[in-house]
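Numbering of the sequence shown is given in the numbering used here, commencing with residue 1 and proceeding in unit increments.
Be careful, since some hints might not be right.
Said to hold, decoys possible - Mimicking EDC-like on lysine to aspartate or glutamate, the simulated pairs with C-alpha atoms at most 16 Å apart in a straight line are:
# : residue 1 : residue 2
1 : 103       : 125
2 : 103       : 83
3 : 36        : 83
4 : 36        : 105
5 : 36        : 100
6 : 119       : 135
Stated by the list, open to error - Cβ pair distances, simulated, as ranges:
#  : residue 1 : residue 2 : range
7  : 87        : 10        : 16 to 22 Å
8  : 149       : 68        : 28 to 34 Å
9  : 124       : 15        : 22 to 28 Å
10 : 91        : 28        : 17 to 23 Å
11 : 159       : 61        : 33 to 39 Å
12 : 163       : 54        : 37 to 43 Å
In case anyone wonders, no lab produced these hints; they're calculated from the structure. For clarity, every value in this text was computed on a predicted model and none was experimentally measured. Idealized CB from N, CA, C, for every residue including glycine.
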Amino acid sequence: MRLIGLAGWSGAGKTTLLVRLIPCLAGRGVGVSTIKHAHHAFDVDRPGKDSWEHRQAGARQVLVGSALRWALMTELRGAPEPDLRFLLSRLSPVDLVIVEGFKRDAHPKIEVHRGANGKPWRHPEDPAIAAIASDTRPIGTDLPWAHLDDVERIADLVLRYAVDSTEF
1 MRLIGLAGWS GAGKTTLLVR LIPCLAGRGV GVSTIKHAHH AFDVDRPGKD SWEHRQAGAR
61 QVLVGSALRW ALMTELRGAP EPDLRFLLSR LSPVDLVIVE GFKRDAHPKI EVHRGANGKP
121 WRHPEDPAIA AIASDTRPIG TDLPWAHLDD VERIADLVLR YAVDSTEF
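Put together the whole structure using the sequences plus the hints.
Here it is, written out as structure tokens:
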């Protein structure tokens, strides 16, 4: 599986870009999966659902399946947070995995930057940044750049800089 990340400050448009990139890449015949790092306690389940009740009762894992999809929820119950390599090993084979978050890992990333946020650029401090997607052209760097609205060009960058997931 090939791998690339999207890295940027909150509010830069990573998720918005990712939701636009997936159909663009799929239209090119690229099978895409994603891994999203959640910074906060999150839950895909909710009170009142049987699966939620199972977890609350102490089940370590709950697998929910239907004719349309299945989901496996694992309670860490004090175990360390899984790293990106572990999470990658849980995915079925696919052409490309796009990672949102895990910005401190050494996999290649495209920096997503929005000038109106007033946040600093990440690429000067992160040697794993391979390209930039921004609403403003970066100054003082030779990194490839695409405008945030140019999804086709960003897809080109994604495919150009994605690496085999065993390489990082």
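Here's how the hints hold up against the structure:
1. 103 with 125: Answer holds: residue 103 to residue 125 is near 11 Å, not above 16 Å.
2. 103 with 83: With a Cα-Cα distance of about 12 Å, the restraint between residue 103 and residue 83 holds, given a limit of 16 Å.
3. 36 with 83: holds (12 Å)
4. 36 with 105: Judged against 16 Å, a Cα distance of about 13 Å means the pair holds.
5. 36 with 100: Since the Cα atoms of residue 36 and residue 100 sit roughly 5 Å apart, the hinted pair holds (cutoff 16 Å).
6. 119 with 135: Distance ~13 Å between residue 119 and residue 135 Cα, so the pair holds.
7. 87 with 10: 16 to 22 Å: holds (21 Å)
8. 149 with 68: 28 to 34 Å: Given range 28 to 34 Å: holds, Cβ gap about 33 Å.
9. 124 with 15: 22 to 28 Å: At 24 Å between Cβs, range holds.
10. 91 with 28: 17 to 23 Å: With Cβ atoms ~20 Å apart, the hint holds.
11. 159 with 61: 33 to 39 Å: holds (35 Å)
12. 163 with 54: 37 to 43 Å: The hinted range 37 to 43 Å holds for residue 163 and residue 54, with Cβ atoms some 39 Å apart.
Hint check: no violations occur; every hint is consistent with the structure.
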